[in-house]
Amino acid sequence: MDMAYVLDTFFALFAMTLIIFMVPGFAMLEAGLVRTKNVTAVLMTNTMIYSVASLAFLLVGYSLAFGSWENDSMSKWAAFLFQMAFVGKTVNIMSGGVSERAKIIPLTLFTIIMGALIYPLVVNVTWGANFLEGSWLDISAMHDLAGCTVIHSTGAWALLAAILIIGPRRGRYKNGKIRVIPASNIPLVTLGAFLLWIGWFGFNGGSVGSISTKEAADTVALTIMNTNTAGLAGAIVVGILLYLRYGKLDITMILNGALGGLVAVTAGADVFSIYAPIAIGAIGGLLVVIAVPFFDKLQLDDPVGALSVHLINGIWGTLAVAIFGDASFWAQIKGILVVGVFAFGVSYAVLYAINKVVPFRASDDDQLEGLDYVECGMEAYPEFKQNI
Amino acid sequence: MDMAYVLDTFFALFAMTLIIFMVPGFAMLEAGLVRTKNVTAVLMTNTMIYSVASLAFLLVGYSLAFGSWENDSMSKWAAFLFQMAFVGKTVNIMSGGVSERAKIIPLTLFTIIMGALIYPLVVNVTWGANFLEGSWLDISAMHDLAGCTVIHSTGAWALLAAILIIGPRRGRYKNGKIRVIPASNIPLVTLGAFLLWIGWFGFNGGSVGSISTKEAADTVALTIMNTNTAGLAGAIVVGILLYLRYGKLDITMILNGALGGLVAVTAGADVFSIYAPIAIGAIGGLLVVIAVPFFDKLQLDDPVGALSVHLINGIWGTLAVAIFGDASFWAQIKGILVVGVFAFGVSYAVLYAINKVVPFRASDDDQLEGLDYVECGMEAYPEFKQNI
Amino acid sequence: MDMAYVLDTFFALFAMTLIIFMVPGFAMLEAGLVRTKNVTAVLMTNTMIYSVASLAFLLVGYSLAFGSWENDSMSKWAAFLFQMAFVGKTVNIMSGGVSERAKIIPLTLFTIIMGALIYPLVVNVTWGANFLEGSWLDISAMHDLAGCTVIHSTGAWALLAAILIIGPRRGRYKNGKIRVIPASNIPLVTLGAFLLWIGWFGFNGGSVGSISTKEAADTVALTIMNTNTAGLAGAIVVGILLYLRYGKLDITMILNGALGGLVAVTAGADVFSIYAPIAIGAIGGLLVVIAVPFFDKLQLDDPVGALSVHLINGIWGTLAVAIFGDASFWAQIKGILVVGVFAFGVSYAVLYAINKVVPFRASDDDQLEGLDYVECGMEAYPEFKQNI
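Residue numbers (my numbering), protein chains in the order written: chain V, 1 to 388; chain B, 1001 to 1388; chain G, 2001 to 2388.
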């Protein structure tokens, strides 16, 4: 029916637009979390990722993921745009966690491979053409609405590989002690987090794929409601925990708690009852609070907390569909494992190979000076006097 | 009809999304208006408000306001989300006006009561189930499309109560003189104001409740047009007045003029002709210019001008529907009075009780140091050298 | 059909909303590009432009452009709002390029004329009532979907006239040398650029004018896809060029490359195949890299690169429809010439006349002190210590 085609096209364009707000969302969040001397480099990295990953997906990745551009239920261009809006996110997750020491050119090379090959292959076997169909590795039974595993874990496995290869920031761990490096601009962190939050409505709501029937409209609205609820719960639980423990409300951790809740609900927001996301998001926030110091103890240096938000909660969220929805535990675990082994393994190999040719790690001197000047030839705030 | 159900659900989700942009909108506006040392606390307060008020509304408030979750004209989840997007705004209005001296934990307790009880009761007797139906207090005849009285005045009455209980910022009024405290970040103020402006399209347009017929579509478009026009007029009038009086264009006042115009048109944007909002918004802006020094003379310290923008214009806008629309003066006045007495009275009592247990007011020492460090344990811009 | 009317109204409101995000978009971009001492004045100028241009268009311009407010295919209020969202952009393009030395009051006077007369007359003969119909000057055959010539060149021709009249910033060119003046806030530049990018989806997508049939939905989606692709290509090409030439990634130039690509695709995004925008946007980015130093050599001082982004690419984009689409070269060239001669000539005359009465140029002393204090009586970041 034409009206359904029109409505689903319009809705996909609406959802896509919301997701694109995540581009400035990630950029502002990360620009606020790093030190002033690395802000321009972080913004440049985010700009590069959106441009390069999206074009790689257009030229190669989309066909690889879905086998064909044809689409009967909506405009094929809208279907492409919606999927394209996702691809950069996997690299955003990865680049944020290695900021303040990873260089932009090797990150660009990795972005091409991620946008053209790694992410499209993950999509192929989950939401797409599924070249594993019928094999013992087939994971298409995993319920993963908008990518707890497909997006968040994939990006975060790549991040884990990158951290292992690139190492921590200069001076972060010294004689077994962790040097605290405060976020440089809290308004940007907050703005970025809320742009991400809003983008999530498009991410999860749009992943329902249709709004043109009564049932579909109900599912879309339920999905957005559940998405939001998990974010609320994540923020609140982290706030309570921090207040009880320290008597202070650490806003960067609380916003990461909200993002953790939002990740955690992403796999099953379409099937949960309206109260389940309170528990799912609360556990998501709790996991962030536990995981951030845990990764630091392992000296896996992650300035934005991406492993805690995206990897731990990507896994938790995929499992949650088996607990609060009716997915099979085994299907969810199998999906987590297959994607995890593939994403970590291939990312590690690709990052290792790139690193041999164009090393990722900025020298200690360059890190001391800041990547803004070294990589971009400019400061983010040249007129403001800074504390050393 | 299914198509109407689908369209009205989609439209409610669109409108809701625009309103959620008001969360970073209020956060950026307020973060820009306060001093650097209180920025993180303001951002934390805004994050808390969205999380806590929304969850309280989900768990208690929505049922209290509307009696039932059932909805035939659109997805009940979309109907909930649209209403949920409103609730935090009442507390935002209140918290902004007591920023730089009110502590977050008692504000959180008040947010719970506002989101679960006070605001839902106001909605109940105006847009909702109406437990006053048939009584002499029945105010359901008031025409208040998107909440001049229901949202803006309710929040601002709570603010007035809070200012009376908490008092002015340390050092604001000294020997009868007013110490000017400049806004710390004008780009954030501007960004916040325009995010609010855009959010208003969803707030007022979405309050029409349907877009699925020709008449409804016309009303929605007219509503958004009128909303915008009043904002334009508010900004222009304040600009002209300030330029004629001082020869300078005070952007924070001009943006508050725009917001005053936007508040003023909120009760009747669906019924005004397209020229009326020019007058309504212009008067709204004028009222802001008059009211800001007036409240300062009364030593009612309101760092963001919320009493002027939301209380004075909430009242003016409700009355404007009787002047430029066809509402009855008496119905409008009765609505203003009943909501005002209730919102002020109950808020005062609740704030007073909370204040006895967990005092709102930060000590002079804490205010001197700044709430960022005291409440959140961090600075907003730790690397930038500051003038004392 | 009612459903088509409803859908096209809803879609126009959606597109309009995205375009309004360009108001903070331009404001943040320009506030980030100028020096700290001129940030408030730039923000005030942007606020003024939106308010004054939109109201002038409502009161005078819209009727002049289209002859009538009637509309059968969608709500006439939605049709107005969509067109109104465009008008301020022409002045934004102009004001950005003369920032740091042009005063707000004469800019306001020009904004009135632009919004009420100049821009509406350009629209009249291109998209509107066409009073030139049948004359030898008739340019309605030009294919200009969303205004490469109608918006971007018109604004930029006015900018060229303004630069000629107002002259460069104090100290910008000294003894034939160009003094580099760095951007003061890179996160704001980045945020602004991406808000503009997202706004472009509404700008170009909405200009299709309908989404309510299968064909229209396909065209809208194709238009948004092509728009985005050209932005990606513009950013990537500038990034490659800068890296090869300087070994540094100048993010402000790269973002201007993206904007150049977005301008370049604006005339024909509805008719290009999906690969053409890669070439169109890449050439758009290349033109920015070439044109920025070229205009500086001519001592046409343009702090935000608006001539390069909007004039050069406005022309290139209009021609591109004859190369990659099926527009006639002659129709495109004629349109460029007629609009160019008119927009430049009339803008020059109007600016010249205003300049006689209320001079545009801030004195050297005022420029040294910064327009923020002189024009607005406040600093943008009063608490941050600044390097002189």
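Be careful, since some hints might not be right.
Said to hold, decoys possible - Derived lysine-lysine pairs resembling DSS-like cross-links, with alpha carbons at most 30 Å apart:
1. V:Lys385 x G:Lys2177
2. G:Lys2385 x V:Lys76
3. G:Lys2214 x B:Lys1385
4. B:Lys1248 x V:Lys385
5. B:Lys1214 x G:Lys2214
6. V:Lys214 x B:Lys1356
7. V:Lys248 x B:Lys1248
8. V:Lys177 x V:Lys297
9. V:Lys385 x G:Lys2214
10. B:Lys1248 x G:Lys2356
11. G:Lys2385 x B:Lys1385
12. B:Lys1248 x G:Lys2214
13. B:Lys1297 x B:Lys1356
14. G:Lys2248 x V:Lys248
15. B:Lys1076 x V:Lys385
To be verified - Now the stretches of chain B that chain G is said to cover, found in silico as 3 or more residues with beta-carbon under 8 Å:
16. 1057-1066
17. 1159-1171
18. 1231-1238
19. 1251-1259
20. 1379-1386
Said to hold, decoys possible - To give an idea of the chain B side of the interface with chain V (calculated C-beta under 10 Å), a few residues:
21. Ala1041
22. Ala1079
23. Ile1105
24. Pro1106
25. Leu1137
26. Gly1209
27. Ser1210
28. Ile1290
29. Cys1376
Bear in mind the hints are in silico, worked out from the structure with no lab data behind them. These numbers were taken from a predicted model, which means no experiment stands behind them. Every residue, glycine too, gets a C-beta built ideally from N, C-alpha and C.
These are the hints, each one checked on the structure:
| no. | hint | result |
| --- | --- | --- |
| 1 | V:Lys385 x G:Lys2177 | holds (27 Å) |
| 2 | G:Lys2385 x V:Lys76 | violated (53 Å) |
| 3 | G:Lys2214 x B:Lys1385 | violated (58 Å) |
| 4 | B:Lys1248 x V:Lys385 | holds (28 Å) |
| 5 | B:Lys1214 x G:Lys2214 | holds (20 Å) |
| 6 | V:Lys214 x B:Lys1356 | violated (51 Å) |
| 7 | V:Lys248 x B:Lys1248 | violated (41 Å) |
| 8 | V:Lys177 x V:Lys297 | holds (9 Å) |
| 9 | V:Lys385 x G:Lys2214 | violated (57 Å) |
| 10 | B:Lys1248 x G:Lys2356 | holds (21 Å) |
| 11 | G:Lys2385 x B:Lys1385 | holds (6 Å) |
| 12 | B:Lys1248 x G:Lys2214 | violated (53 Å) |
| 13 | B:Lys1297 x B:Lys1356 | holds (28 Å) |
| 14 | G:Lys2248 x V:Lys248 | violated (41 Å) |
| 15 | B:Lys1076 x V:Lys385 | violated (53 Å) |
| 16 | 1057-1066 | violated (count 0) |
| 17 | 1159-1171 | violated (count 0) |
| 18 | 1231-1238 | holds (count 5) |
| 19 | 1251-1259 | holds (count 5) |
| 20 | 1379-1386 | holds (count 4) |
| 21 | Ala1041 | holds (8 Å) |
| 22 | Ala1079 | holds (8 Å) |
| 23 | Ile1105 | holds (7 Å) |
| 24 | Pro1106 | violated (13 Å) |
| 25 | Leu1137 | violated (33 Å) |
| 26 | Gly1209 | violated (15 Å) |
| 27 | Ser1210 | violated (14 Å) |
| 28 | Ile1290 | violated (31 Å) |
| 29 | Cys1376 | holds (5 Å) |
In summary, the structure is inconsistent with hints 2, 3, 6, 7, 9, 12, 14, 15, 16, 17, 24, 25, 26, 27 and 28 from the numbered list given earlier, while agreeing with the others.
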